[in-house]
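Using the sequences and the hints, build the whole thing.
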Amino acid sequence: MSERVLQVDALARVEGEGALYVRLKGEEIEKVEFRIFEPPRFFEAFLQGRDGHEAPDITSRICGICPIAYIMGASHAMEMALGVSVTPEIHAVRRLIYCGEWIQSHVLHAAMLHAPDFLGLSDAIKIAEVNPDLVKTALRLKKIGNSLMEVVGGRSVHPVNTRVGGFYSAPEKAKVRALLDELEWGIEASRKVALAFSTFDFPDDEHDYTFVSLSDPDTYAICEGRLVSNRGLNIAVSEFNDHFYEEHVDRSNALHGRMRDGSPYLVGPLARYANNYALLSDGAKETAAMCGLGEVVRNPFKSILVRMIETQYACEEAASIVRDYEEPKPCFVETPPKAGEGHGCTEAPRGICYHTYKLDDEGRITHAQIVPPTSQNQPQIEVDLTRVVAANLGMTDADLKWRCEQTIRNYDPCISCATHFLKLTVERS
Amino acid sequence: MTKPKLAVWKFSSCDGCQLTLLDCEDELLDIAGAIDIAHFLEATSEIKGGPYDISLVEGSITTPHDRERIQEIRKNSKVLITIGACATAGGIQSLRNFADVEAFTSAVYAHPEYISTLAKSDAIADHVQVDFELRGCPVSKHQLLELITATLAGRIPRVPKVSQCVECKLSGTVCVMVAHGTPCLGPVTQAGCGNLCPSHGRGCYGCFGPKENPNPPALSAHLADLGMAPKQVRDFYRSFNAGAPAFAEESKSHE
Chain A
324 MSERVLQVDA LARVEGEGAL YVRLKGEEIE KVEFRIFEPP RFFEAFLQGR DGHEAPDITS
384 RICGICPIAY IMGASHAMEM ALGVSVTPEI HAVRRLIYCG EWIQSHVLHA AMLHAPDFLG
444 LSDAIKIAEV NPDLVKTALR LKKIGNSLME VVGGRSVHPV NTRVGGFYSA PEKAKVRALL
504 DELEWGIEAS RKVALAFSTF DFPDDEHDYT FVSLSDPDTY AICEGRLVSN RGLNIAVSEF
564 NDHFYEEHVD RSNALHGRMR DGSPYLVGPL ARYANNYALL SDGAKETAAM CGLGEVVRNP
624 FKSILVRMIE TQYACEEAAS IVRDYEEPKP CFVETPPKAG EGHGCTEAPR GICYHTYKLD
684 DEGRITHAQI VPPTSQNQPQ IEVDLTRVVA ANLGMTDADL KWRCEQTIRN YDPCISCATH
744 FLKLTVERS
Chain B
157 MTKPKLAVWK FSSCDGCQLT LLDCEDELLD IAGAIDIAHF LEATSEIKGG PYDISLVEGS
217 ITTPHDRERI QEIRKNSKVL ITIGACATAG GIQSLRNFAD VEAFTSAVYA HPEYISTLAK
277 SDAIADHVQV DFELRGCPVS KHQLLELITA TLAGRIPRVP KVSQCVECKL SGTVCVMVAH
337 GTPCLGPVTQ AGCGNLCPSH GRGCYGCFGP KENPNPPALS AHLADLGMAP KQVRDFYRSF
397 NAGAPAFAEE SKSHE
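In the order they appear, the protein sequences are chains A and B. If you read the first sequence in the working numbering, its first letter stands for residue 324, the second for the next number, and so on. If you read the second sequence in the working numbering, its first letter stands for residue 157, the second for the next number, and so on.
Everything labelled a hint here was simulated from the structure, so no lab data went into it. All values derive from a computational prediction rather than experimental measurement. The beta-carbon is built from N, C-alpha and C at its ideal position, and this holds for glycine as well. Possibly wrong hints are sitting among the right ones.
[Claimed, not checked] Facing chain A, a subset of chain B residues (Cβ under 8 Å, in silico):
1) Lys166
2) Ser168
3) Cys170
4) Leu175
5) Thr176
6) Glu181
7) Leu197
8) Glu198
9) Glu202
10) Thr218
11) Asp222
12) Ile248
13) Pro294
14) Asp391
15) Ser395
16) Phe396
[Claimed, not checked] Straight-line alpha carbon distances no greater than 25 Å define the calculated BS3-like cross-link-like pairs of lysine-lysine that follow:
17) B:Lys387 x B:Lys276
18) A:Lys459 x A:Lys449
19) A:Lys661 x A:Lys681
20) A:Lys498 x B:Lys325
21) B:Lys276 x B:Lys408
22) B:Lys159 x A:Lys449
23) A:Lys459 x B:Lys159
24) A:Lys661 x B:Lys387
25) A:Lys515 x A:Lys459
26) B:Lys204 x B:Lys231
27) A:Lys449 x A:Lys515
28) A:Lys652 x A:Lys498
29) B:Lys387 x B:Lys408
30) B:Lys387 x A:Lys681
31) B:Lys204 x B:Lys234
32) A:Lys449 x B:Lys204
33) A:Lys724 x A:Lys354
34) B:Lys276 x B:Lys231
35) A:Lys724 x A:Lys449
36) A:Lys724 x B:Lys204
37) A:Lys652 x A:Lys496
[Unchecked claim] The following label-pair restraints were derived from C-beta to C-beta distances:
38) B:Ala306 x A:Met613: 38 to 48 Å
39) A:Glu664 x B:Arg314: 47 to 57 Å
40) A:Phe525 x B:Lys325: 48 to 58 Å
If you want it as structure tokens, here you go:
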């Protein structure tokens, strides 16, 4: 019986270092592994003994693409531990900067890292050679996200203006309001890009996922709400560890997240969309319908469309905050040190990112745990890979390898995050 | 004329510095027109072999494999430039340099035997000759563009090595330490971020690393006068450039 091995030693167009290994014996799939070899950086360990107020800035360095997810998760957890809560005005500015992160991260992934897969091209520069307008539109859209983060946070990678309790300074009204014109352009541009992507030839694939996300009764959850699933889970963020666990497997420097019954689950755009569709804006729902999407999307290859729909939503949400923006006074609430335990969970572009900390009397960290989205998605990625390989055994090795890489990129895996991730090897025997 | 070949390499890092290149939305297509992007895994699946005219290296050396990989990259690169605090000083992960890495591994991972890691997180220059270092956690987009332009033109990039204090004065930013008693690493930190923290009302946290010829003991005395306890002073120096010699030494004198 012939053995086939498909192997990608260093996956491209992902954030961080990962690999893929698939071994087949005839029609039988012997092994499918999504490996993370990004070196471990030991954040939870060196946070011990540090002042709790340092956690947002330190943990933001887990990921240059989604620093706000870490800043917010850590800030929420510290505020809970210290027994304070921020004002609605401060919370609105937090949502505003988070919209910026969703826009820049979603457009980076959808237009520059994932779209080339559907076009048989190596990168966005090659797309620009055949469709310069599409790439220029995407770059301008991505820049809106970065500008928003700069105006509110000082810079787009590792913002400096955020702190436990709120912001060091109130973002200037004139600068915030000046973002409105580009955001309004961005609403239409997101739809245009979504519609352009909706013409892609999507692989025929569906799966009955367990979708886990935050959910809030009043708004499309970004940095508020409870943890829910499409199978009836509905828990407070502080109950995360009662329902989920992480396991350490030898092929990965990232821990694998699972439900307590051992089953895999999916976090990210598809989960948020399925669980919170009703709370999307009318415009975003209209774009989804124009792209041919229902209220639940079970084809993981169509996550690229959901990312653009969420980008449109983020532009609309940011525009509505910007339109009525007044500088919050105060711009932060006082957070005197004390002993306590806190939990924080927000929707990073790739899915829920959970933090929990314990503090001593001086407010120093005695315990830290951070569960990033890509760790949680790893088992589901391997399930998806197995299904996709089984459905496409007739493909040549080169085509199957391409399809496997595309399957992984459906998740916008952030390997830098996950190690707190990828080589593809396919063996066929 | 053949375009110069650019390679972007990643070691232990958050990807934020190479992302800064993709964040040059207005300049990206022009850059791609002027250079041949031969190896940039985060952006393209097309991979061309060396030798490379310019290699940009992000991240620090933390594994036995990475120690070998950087040697190969150096051999294949005419000019090797490090970008960001991980590559120039070991990054936030160099906090392990002050602790027992085995204890760290078992704190994060259930099976420490699966993990291959070095006891220290090293700057790239600790292992190979580096032609230019661009500071920052993350690097500044403006400095990165200047670096690429200058390197293509064959000149040294114009990157000032003065302190953050100079940037405050040039920007007309009120001194947060003198006016508000806010602890600030500005006097010992290299300028270049764009005067971000002080202009937002917070003290500089040193993400661009030590300036040329800094005097940390003088600053530490002032920080103590402001009421900082020794371990607070120690931790102030121990963040994203904890591995930079001037900051590492000063932090040890407050243990």
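Hints, verified against the model:
At about 7 Å, the closest approach between the beta carbon of Lys166 of chain B and any beta carbon in chain A falls short of 8 Å, and the interface hint on this residue holds. The interface hint given for Ser168 of chain B holds, since its Cβ lies 5 Å from the closest Cβ of chain A, which is under the 8 Å cut-off. A hinted interface residue such as Cys170 of chain B counts as satisfied when its beta carbon comes closer than 8 Å to some beta carbon of chain A; here the least separation is about 4 Å, so the hint holds. Residue-level restraint check for Leu175 of chain B holds (minimum Cβ-Cβ distance to chain A is 5 Å; threshold 8 Å).
Taking 8 Å as the C-beta cut-off, the interface hint given for Thr176 of chain B holds, the closest approach to chain A being about 6 Å. The interface hint given for Glu181 of chain B is met, as the beta carbon of that residue sits about 4 Å from the closest beta carbon of chain A, less than 8 Å. Contact between Leu197 of chain B and chain A, as hinted, is supported at the beta carbon level, the nearest pair being about 5 Å apart and thus within 8 Å. The beta carbon of Glu198 of chain B comes within 6 Å of a beta carbon in chain A, closer than 8 Å, and the hint placing it at the interface holds.
This hint holds: Glu202 of chain B has a C-beta 4 Å from the nearest C-beta of chain A, less than the 8 Å allowed. A least Cβ separation of about 5 Å between Thr218 of chain B and chain A falls short of the 8 Å threshold, and the interface hint therefore holds. With a cut of 8 Å, the hint placing Asp222 of chain B at the interface with chain A holds, because the nearest CB-to-CB distance is about 7 Å. Hint status for Ile248 of chain B relative to chain A: holds, with the closest Cβ pair at about 5 Å, below 8 Å.
Hint status for Pro294 of chain B: holds, given a least beta-carbon distance of 4 Å to chain A, under 8 Å. The restraint placing Asp391 of chain B at the interface with chain A holds, with a minimum CB-CB distance near 6 Å, inside the 8 Å limit. The interface hint given for Ser395 of chain B is met, as the beta carbon of that residue sits about 7 Å from the closest beta carbon of chain A, less than 8 Å. Of the supplied interface hints, the one on Phe396 of chain B holds, with its beta-carbon coming within about 7 Å of a beta-carbon of chain A, less than 8 Å.
Distance check on the hinted pair: Lys387 of chain B and Lys276 of chain B sit about 22 Å apart at the alpha-carbon level, within 25 Å; holds. For the proposed pair Lys459 of chain A and Lys449 of chain A, the alpha carbon gap of about 13 Å is at most 25 Å, so the pair holds. Pair hint Lys661 of chain A plus Lys681 of chain A holds up; C-alpha atoms about 10 Å apart against a cutoff of 25 Å. This hinted pair checks out: Lys498 of chain A and Lys325 of chain B have alpha carbons roughly 23 Å apart, not beyond 25 Å.
In summary, the hint linking Lys276 of chain B to Lys408 of chain B is supported, as the alpha carbons are separated by about 16 Å, within the 25 Å threshold. About 16 Å separates the Cα atoms of Lys159 of chain B and Lys449 of chain A, which keeps this hinted pair within 25 Å; it holds. Under the criterion of a C-alpha separation no larger than 25 Å, the hint pairing Lys459 of chain A with Lys159 of chain B is consistent with the structure, at around 23 Å. With a C-alpha separation of about 17 Å, the suggested pairing of Lys661 of chain A with Lys387 of chain B holds against the 25 Å cut-off.
Between Lys515 of chain A and Lys459 of chain A, the direct Cα distance comes to roughly 12 Å. Compliance with the 25 Å bound is thereby established for this hinted pair. Note on Lys204 of chain B and Lys231 of chain B: the hinted pairing holds, with a Cα-Cα distance of about 16 Å set against a maximum of 25 Å. A hinted pair counts as satisfied when its Cα atoms are at most 25 Å apart, and Lys449 of chain A with Lys515 of chain A qualifies at roughly 20 Å. Taking the CA atoms of Lys652 of chain A and Lys498 of chain A, the gap is near 17 Å; set against the 25 Å cutoff, the hint holds.
The suggested pairing of Lys387 of chain B with Lys408 of chain B holds, with an alpha-carbon distance near 10 Å, which does not exceed 25 Å. Distance hint between Lys387 of chain B and Lys681 of chain A is fulfilled; the C-alpha atoms sit about 19 Å from each other, no more than 25 Å. Taking the CA atoms of Lys204 of chain B and Lys234 of chain B, the gap is about 16 Å. The hint holds against a cut of 25 Å. Using a Cα cut-off of 25 Å, the hinted pair Lys449 of chain A and Lys204 of chain B holds, with the two alpha carbons roughly 15 Å apart.
Restraint check: the Cα-Cα separation between Lys724 of chain A and Lys354 of chain A comes to about 14 Å, which is no more than 25 Å; the hinted pair holds. Taken as a hint, the Lys276 of chain B and Lys231 of chain B pair is honoured in the structure, with Cα atoms around 24 Å apart against an allowance of 25 Å. Of the pairs offered as hints, the one joining Lys724 of chain A and Lys449 of chain A holds, with about 20 Å between alpha carbons and a cut-off of 25 Å not exceeded. Annotation: proposed proximity of Lys724 of chain A to Lys204 of chain B holds, straight-line Cα distance about 19 Å (limit 25 Å).
Of the pairs offered as hints, the one joining Lys652 of chain A and Lys496 of chain A holds, with about 12 Å between alpha carbons and a cut-off of 25 Å not exceeded. In this structure the hint that Ala306 of chain B and Met613 of chain A lie 38 to 48 Å apart at CB holds, the actual value being about 47 Å. Between Glu664 of chain A and Arg314 of chain B the beta carbon distance is about 50 Å. The supplied range of 47 to 57 Å therefore holds. Taking 48 to 58 Å as the suggested C-beta distance range, the pair Phe525 of chain A and Lys325 of chain B conforms, at roughly 57 Å.
Going through the hint list in order, the structure satisfies each hint without exception.
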